[in-house]
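Protein chains in written order, with the working numbering: chain E, 22 to 186; chain A, 6 to 293; chain D, 11 to 706.
Since the hints were derived computationally from the structure, they do not count as laboratory data. Watch out, some of these pointers could steer you wrong.
[To be verified] In silico lysine to any residue, SDA-like type, Cα no more than 20 Å apart, as pairs:
1) LYS703/D <-> PHE619/D
2) LYS154/D <-> SER395/D
3) LYS703/D <-> PRO186/D
4) LYS123/D <-> GLU45/A
5) LYS160/A <-> GLN638/D
6) LYS160/A <-> PHE48/A
7) LYS600/D <-> ALA22/D
8) LYS123/D <-> ARG50/A
9) LYS600/D <-> ALA109/E
10) LYS154/D <-> GLU164/D
11) LYS703/D <-> ARG272/A
12) LYS703/D <-> ILE434/D
13) LYS123/D <-> ASP49/A
14) LYS123/D <-> VAL85/E
15) LYS123/D <-> PHE14/A
16) LYS154/D <-> ILE316/D
17) LYS703/D <-> ILE261/A
18) LYS123/D <-> GLN50/E
19) LYS703/D <-> ALA268/A
20) LYS123/D <-> PHE48/A
21) LYS703/D <-> ARG190/A
22) LYS600/D <-> GLY182/E
23) LYS160/A <-> SER121/A
24) LYS160/A <-> ALA637/D
25) LYS703/D <-> ARG693/D
26) LYS123/D <-> THR36/E
27) LYS154/D <-> ARG341/D
These are the residues of each chain, in order.
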Amino acid sequence: MDVQLSVNQDQHPITVDTRETLLDTLREQLDLTGAKKGCDHGQCGACTVLVDGRRVKSCLALTVTMDDREITTVEGLADGDTPHPLQAGFIEHDAFQCGYCTPGQLCSSVGMLAEFAAGWPSVVTPDVSAAPHLDEGEIRERMSGNLCRCGAYVNIVAAIGQAGR
Amino acid sequence: MSKAMSMDFLRPMTWAEALAAKAADPEARPILGGTDVMVELNFDRSRPSALLDLTAIPELAEWELRDGVVRLGAGVPYSRIITELGDLLPGLAIASRTVGSPQIRNRATVGGNLGSASPAGDAHPALLAAGAEVEVESVRGVRIIAVDEFFLGPKRSALQPGELIRAIGIPVTGGPQQFSKIGTRNAMVIAVCSFGIALHPAQRRVGTGIGSAAPTPLRAHAAEEFLGAELDWDGPLDRAVANRFGELVAAAASPIDDVRGTAAYRRHALSVLARRTLTWSWEEYRCV
Amino acid sequence: MTTVDMRYTGSALDRVEGLEKVTGRARYAFENFPADLVYAVPVQAAIARGEIRAVDVDAVLEHPGVIAAIWYGNAPRLVPSDNADLAVFQSRRVAYRGQYIAVVVAETYEEAKEAARLLRVEYAAEDHDVRLRADHPNMYRPEKVNPNYPTDTEHGDPDTALTVAPVLVDATYSTPAEHNNPMEPHATVAEWDGDALTLYDSTQGASGVRDTVAPLFGVPPANVRVISPHVGGGFGSKGGPSPYVIIAALAARHVGRPVKLAVTRQQMFAVTGYRTPTIQRVRLGANADGRLTAIVHDAFEQSSTITEFAEQTTTPTRIMYAAPHRRTTHRLVRLDVPTPSWMRAPGECPGMFALESAMDELAIACQIDPVELRIRNEPDADPESGLPFSSRNLVACLREGARRFGWADRDPAPGVRRRDRLLIGTGVAASTYPVYRRPSQATAQAHRDGRFTVRIAAADIGTGARTVLTQIAADTLRTSPDQVLVEIGDSALPAASLAGGSMGTASWGTAVVRACEALVEGLDRRDGDLPAAGMESSADTTEEIGAQRRLSRHAFGAQFAEVGVDTDTGETRVLRLLGVFAAGRIINPKTARSQFIGGMTMGLSMALFEESIMDLEFGDYLNRDLAQYHVAACADVRDIEALWVEEDDPHLNPMGTKGIGEIGIVGTAAAVANAVHHATGVRIRDLPIRLDKLMR
Numbered sequence: 022m023d024v025q026l027s028v029n030q031d032q033h034p035i036t037v038d039t040r041e042t043l044l045d046t047l048r049e050q051l052d053l054t055g056a057k058k059g060c061d062h063g064q065c066g067a068c069t070v071l072v073d074g075r076r077v078k079s080c081l082a083l084t085v086t087m088d089d090r091e092i093t094t095v096e097g098l099a100d101g102d103t104p105h106p107l108q109a110g111f112i113e114h115d116a117f118q119c120g121y122c123t124p125g126q127l128c129s130s131v132g133m134l135a136e137f138a139a140g141w142p143s144v145v146t147p148d149v150s151a152a153p154h155l156d157e158g159e160i161r162e163r164m165s166g167n168l169c170r171c172g173a174y175v176n177i178v179a180a181i182g183q184a185g186r
Numbered sequence: 006m007s008k009a010m011s012m013d014f015l016r017p018m019t020w021a022e023a024l025a026a027k028a029a030d031p032e033a034r035p036i037l038g039g040t041d042v043m044v045e046l047n048f049d050r051s052r053p054s055a056l057l058d059l060t061a062i063p064e065l066a067e068w069e070l071r072d073g074v075v076r077l078g079a080g081v082p083y084s085r086i087i088t089e090l091g092d093l094l095p096g097l098a099i100a101s102r103t104v105g106s107p108q109i110r111n112r113a114t115v116g117g118n119l120g121s122a123s124p125a126g127d128a129h130p131a132l133l134a135a136g137a138e139v140e141v142e143s144v145r146g147v148r149i150i151a152v153d154e155f156f157l158g159p160k161r162s163a164l165q166p167g168e169l170i171r172a173i174g175i176p177v178t179g180g181p182q183q184f185s186k187i188g189t190r191n192a193m194v195i196a197v198c199s200f201g202i203a204l205h206p207a208q209r210r211v212g213t214g215i216g217s218a219a220p221t222p223l224r225a226h227a228a229e230e231f232l233g234a235e236l237d238w239d240g241p242l243d244r245a246v247a248n249r250f251g252e253l254v255a256a257a258a259s260p261i262d263d264v265r266g267t268a269a270y271r272r273h274a275l276s277v278l279a280r281r282t283l284t285w286s287w288e289e290y291r292c293v
Numbered sequence: 011m012t013t014v015d016m017r018y019t020g021s022a023l024d025r026v027e028g029l030e031k032v033t034g035r036a037r038y039a040f041e042n043f044p045a046d047l048v049y050a051v052p053v054q055a056a057i058a059r060g061e062i063r064a065v066d067v068d069a070v071l072e073h074p075g076v077i078a079a080i081w082y083g084n085a086p087r088l089v090p091s092d093n094a095d096l097a098v099f100q101s102r103r104v105a106y107r108g109q110y111i112a113v114v115v116a117e118t119y120e121e122a123k124e125a126a127r128l129l130r131v132e133y134a135a136e137d138h139d140v141r142l143r144a145d146h147p148n149m150y151r152p153e154k155v156n157p158n159y160p161t162d163t164e165h166g167d168p169d170t171a172l173t174v175a176p177v178l179v180d181a182t183y184s185t186p187a188e189h190n191n192p193m194e195p196h197a198t199v200a201e202w203d204g205d206a207l208t209l210y211d212s213t214q215g216a217s218g219v220r221d222t223v224a225p226l227f228g229v230p231p232a233n234v235r236v237i238s239p240h241v242g243g244g245f246g247s248k249g250g251p252s253p254y255v256i257i258a259a260l261a262a263r264h265v266g267r268p269v270k271l272a273v274t275r276q277q278m279f280a281v282t283g284y285r286t287p288t289i290q291r292v293r294l295g296a297n298a299d300g301r302l303t304a305i306v307h308d309a310f311e312q313s314s315t316i317t318e319f320a321e322q323t324t325t326p327t328r329i330m331y332a333a334p335h336r337r338t339t340h341r342l343v344r345l346d347v348p349t350p351s352w353m354r355a356p357g358e359c360p361g362m363f364a365l366e367s368a369m370d371e372l373a374i375a376c377q378i379d380p381v382e383l384r385i386r387n388e389p390d391a392d393p394e395s396g397l398p399f400s401s402r403n404l405v406a407c408l409r410e411g412a413r414r415f416g417w418a419d420r421d422p423a424p425g426v427r428r429r430d431r432l433l434i435g436t437g438v439a440a441s442t443y444p445v446y447r448r449p450s451q452a453t454a455q456a457h458r459d460g461r462f463t464v465r466i467a468a469a470d471i472g473t474g475a476r477t478v479l480t481q482i483a484a485d486t487l488r489t490s491p492d493q494v495l496v497e498i499g500d501s502a503l504p505a506a507s508l509a510g511g512s513m514g515t516a517s518w519g520t521a522v523v524r525a526c527e528a529l530v531e532g533l534d535r536r537d538g539d540l541p542a543a544g545m546e547s548s549a550d551t552t553e554e555i556g557a558q559r560r561l562s563r564h565a566f567g568a569q570f571a572e573v574g575v576d577t578d579t580g581e582t583r584v585l586r587l588l589g590v591f592a593a594g595r596i597i598n599p600k601t602a603r604s605q606f607i608g609g610m611t612m613g614l615s616m617a618l619f620e621e622s623i624m625d626l627e628f629g630d631y632l633n634r635d636l637a638q639y640h641v642a643a644c645a646d647v648r649d650i651e652a653l654w655v656e657e658d659d660p661h662l663n664p665m666g667t668k669g670i671g672e673i674g675i676v677g678t679a680a681a682v683a684n685a686v687h688h689a690t691g692v693r694i695r696d697l698p699i700r701l702d703k704l705m706r
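So that you can see chain E by itself, here it is in the shape it has in the complex (with noise of 0.2 Å):
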């Protein structure tokens, strides 16, 4: 099928098989392969990239159903040269090891911080009718879906924390 796929801005014409994920998409056919493989079944988050804004797991995406939408991928976050704050402060907190599960948790911050700043109360938010405080609590929560093996979690959480202020 072909589609028209709009990855940070950039417009891509494909024509990809029905079964392709997005996942597999960006990285073998748009060489952009900072979206990670680590599980196939969202349980990983490391192919955590933003849908329209919104932070999506690529892996269980159909390519095919993404002709429409905007995505943004960790090659996308930087203002050209300029990293984004976040990718600063996990440099700056040494909030990764290996590195592979660094573009998902970065593209999952930029949405939870999104999510964050729209209001949308967690499972520890103790009052949901009030506007959410970005504690540490709500940071490890709100970051769950994104497993770190090298256990980068107190660094994570540090950094976010910091740009989130």
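Position chains A and D relative to chain E; hints supplied.
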């Protein structure tokens, strides 16, 4: 590319087109957020002849309140239930906040999870407790199925060939609702067991829903009847009543031992969850 | 022994490849695209033991895009070696369920995957035996345990000493099979050019993969190049080539085109190694004052029928505590299971869960504070070899940890501290890991613009190796890190030992220091006058390491945990973890802290969640994905801190370092289990500490 290897991809733009497509190929697998279907595909668990992408049909992504019932389009993702329906459907909203991970909640839908009929679906106990109904449709017409008659077995539902889930009708009870689940991990857990409760003060009735503790999500009928008879709706909650309620909820389950916990533990934990959620709901009810 | 001057070593340099990693530019193995590439999807055995009768290759060749299907019946023969796991498609025999028995190659990944799913395989199945038990009739005594330790040791008369000991702890502990699960699944891109093979592989050791793969294909090692600049974690599972590497190379040669092969997360549960389950009996005899008179530690483990991997589970017991009478043993049984292998601190990690749980039980039996009990049993020298310790600061770690954690005035009574619905408890455990160092080579090159390039086939699997080698080189070269480029992750570079055994910095750092020293010496001789082509020096540390003095070299640490256990449901949350380590000099406090905390996080995960469950009926691990094999998620990890005590040990290496990659996981699970006992009064001797075990 031969038909045997590939998979057709159908993207109807209207509900009528979707029903026609499903009638033409009853094996076509409807897909909304994709969070269940894609796992099956990626893990080679199923290879449907066609995928029926329902995401372009506008009305599936809408909800409306009419006559005290929220008609929730099958394609409304959990993140919108959390942000838009917390007041009207508190039990479902609480449960929605624990579904999968945040990324999953941005895509997954009640309609899609009902379609997969997983015993561990987090929304299901809340739907059971609230007394929801599933609106299904085919070219033959519309059927309304009470949600406690919808689940027939693990991953088996009352959907008939050619039928698609159009919406879920969920009564607004006006009373407190709670949902709680137990998992080994603190987040992103498949529940060891879960429980939903809804007070229906106008009817002086309590609704229940049990998850992950039987081949299907189910109501604890005896526990509901017991509370219907024993609850003093004008007084504080009797501890003995709460305890007995917990026992009856546990007795309603038929759990098994598996990698997430033993059957005995599940029964015990269910009684704890039932007692706790009833207590929380009662505190809220008495405060209002 | 010369030591590195400290200017940049010891400073908190950001990871030198940090920007590449946060922008998605860092390329991992599968992210390489040679021209004309094809995809390979391997097929796993559906039986646990037996023979493959036939594979219907012709049927899948009919499918669009399919180029080849390879199995024993049509596979090229490899050169025989003593590694049976790597002899892929060389036999009809099936040794375990999930073993790779065939591979399908196709133009696209989707086509290969579909054809692999449809490939019909006919088996002659035989009864399988996959259940580890200590009384298995086929238990035997392996000749040595990993990597080269004596299987058993005995000193004095432990049996008599136990009989007469005033206080006796005799308990059996068990740890489940656990899977490494690095975030990057194993993957290889294989490309042949005549008799030369290039592998883009996800590996902990490029030189080792080259040396192992080349002879299987009958080519000299120089013909094989292994490239792996970035590796998405390994934790031991990428220590040597696994069967998938051989399959990729074999398939690429068979079809005459470059092949990409990615192991799926589910396949990793059978084909890339795991931590053996263990059953361990620990007996401690002590006087009433807690002083140990006898220590006996017996371990029972499994391996596959085709490869003997005997984990060194009881080796830490040989060095931890003083006692005149002692014995350690290992017994192994060969089952129809996948081959176990290294997983972060193999041996020390499960072994110290048992020993340090038993020490907690002894502290309670003697009514002695568990910190004090350990201090009381501190040995003057290695208790079995008698060798002096190069340095040993366990006591300092325990004291500093106790002070920081707020251990003083701890009420030892179990099950009495409540906070809302939670029962609260605290626990302590000791930690240790040996100091290894292996020969490596390195070169250092000076350029005319004042910059330097240092080359070594080291691997950075997330450890920070690239960064600390840059710091070490900068100090030795008397320059700053931004003037030094360290090239690693390529077998074309000077040969190096693997990233394992917490020996990377010690092994590679020694070679880097020696190469840089030689370069500095050469530059000094020429008074800094560089030829146009620059100047290069090299080093090989084989001799230096072979000549090092015999000493007992180990890192030590103390782990403190606070837990809250829900009184009604048994849900356990680790509220606080503190680790204090004595691991020689710390080259980079930022990356070191991350590694310690990372190890402790994995230890927390081991304590509460991780468990690969053997399906006795089918003979494979049941929960083979990340939805069912739980690892700690962000919400599980609250307050973890790691500190270290300064150690100045001149007997290690030019940097004065001990390894830090593994010690963080050692002892964590015991500290958590000891805290759970303190909270609830329930002693969990079989990991993980699942909620239903607390409510029985």
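Results for each hint:
With a C-alpha separation of about 12 Å, the suggested pair LYS703/D and PHE619/D falls inside the 20 Å cut-off, and the hint holds. A hinted pair counts as satisfied when its Cα atoms are at most 20 Å apart, and LYS154/D with SER395/D qualifies at roughly 17 Å. For the hint linking LYS703/D to PRO186/D, the alpha-carbon distance of about 14 Å falls within 20 Å, and the restraint holds. With a CA separation close to 14 Å, the supplied pair LYS123/D and GLU45/A stays within the 20 Å bound.
Between LYS160/A and GLN638/D the alpha-carbon distance is near 18 Å, which keeps this suggested pair within the 20 Å criterion. For the hint linking LYS160/A to PHE48/A, the alpha-carbon distance of about 16 Å falls within 20 Å, and the restraint holds. As the CA atoms of LYS600/D and ALA22/D are separated by approximately 5 Å, the hinted pair is consistent with the 20 Å bound. Restraint check for LYS123/D and ARG50/A: the C-alpha separation of about 12 Å stays at or below 20 Å, so the hint holds.
Only pairs whose Cα atoms come within 20 Å are accepted, and LYS600/D paired with ALA109/E is accepted, the gap being roughly 15 Å. With a C-alpha separation of about 15 Å, the suggested pair LYS154/D and GLU164/D falls inside the 20 Å cut-off, and the hint holds. For the hint pairing LYS703/D with ARG272/A, the CA-to-CA distance comes to about 14 Å; that is within 20 Å, so the pair holds. Proximity of LYS703/D to ILE434/D is assessed by CA-CA distance (about 17 Å); at most 20 Å being required, the pair is judged to hold.
Proposed proximity of LYS123/D and ASP49/A is supported: the alpha carbons are some 9 Å apart, at most 20 Å. Between the alpha carbons of LYS123/D and VAL85/E the distance comes to roughly 19 Å, so the proposed pair stays at or under 20 Å and holds. Only pairs whose Cα atoms come within 20 Å are accepted, and LYS123/D paired with PHE14/A is accepted, the gap being roughly 19 Å. Taken as a hint, the LYS154/D and ILE316/D pair is honoured in the structure, with Cα atoms around 17 Å apart against an allowance of 20 Å.
Between the alpha carbons of LYS703/D and ILE261/A the distance comes to roughly 16 Å, so the proposed pair stays at or under 20 Å and holds. Annotation: proposed proximity of LYS123/D to GLN50/E holds, straight-line Cα distance about 17 Å (limit 20 Å). Our distance criterion of 20 Å between C-alpha atoms is met by LYS703/D and ALA268/A, whose separation comes to about 12 Å. Restraint check for LYS123/D and PHE48/A: satisfied, since their Cα atoms lie roughly 10 Å apart, inside the 20 Å limit.
Under the criterion of a C-alpha separation no larger than 20 Å, the hint pairing LYS703/D with ARG190/A is consistent with the structure, at around 15 Å. Only pairs whose Cα atoms come within 20 Å are accepted, and LYS600/D paired with GLY182/E is accepted, the gap being roughly 18 Å. With a C-alpha separation of about 6 Å, the suggested pair LYS160/A and SER121/A falls inside the 20 Å cut-off, and the hint holds. This hinted pair checks out: LYS160/A and ALA637/D have alpha carbons roughly 17 Å apart, not beyond 20 Å.
The suggested pairing of LYS703/D with ARG693/D holds, with an alpha-carbon distance near 10 Å, which does not exceed 20 Å. A hinted pair counts as satisfied when its Cα atoms are at most 20 Å apart, and LYS123/D with THR36/E qualifies at roughly 19 Å. This hinted pair checks out: LYS154/D and ARG341/D have alpha carbons roughly 10 Å apart, not beyond 20 Å.
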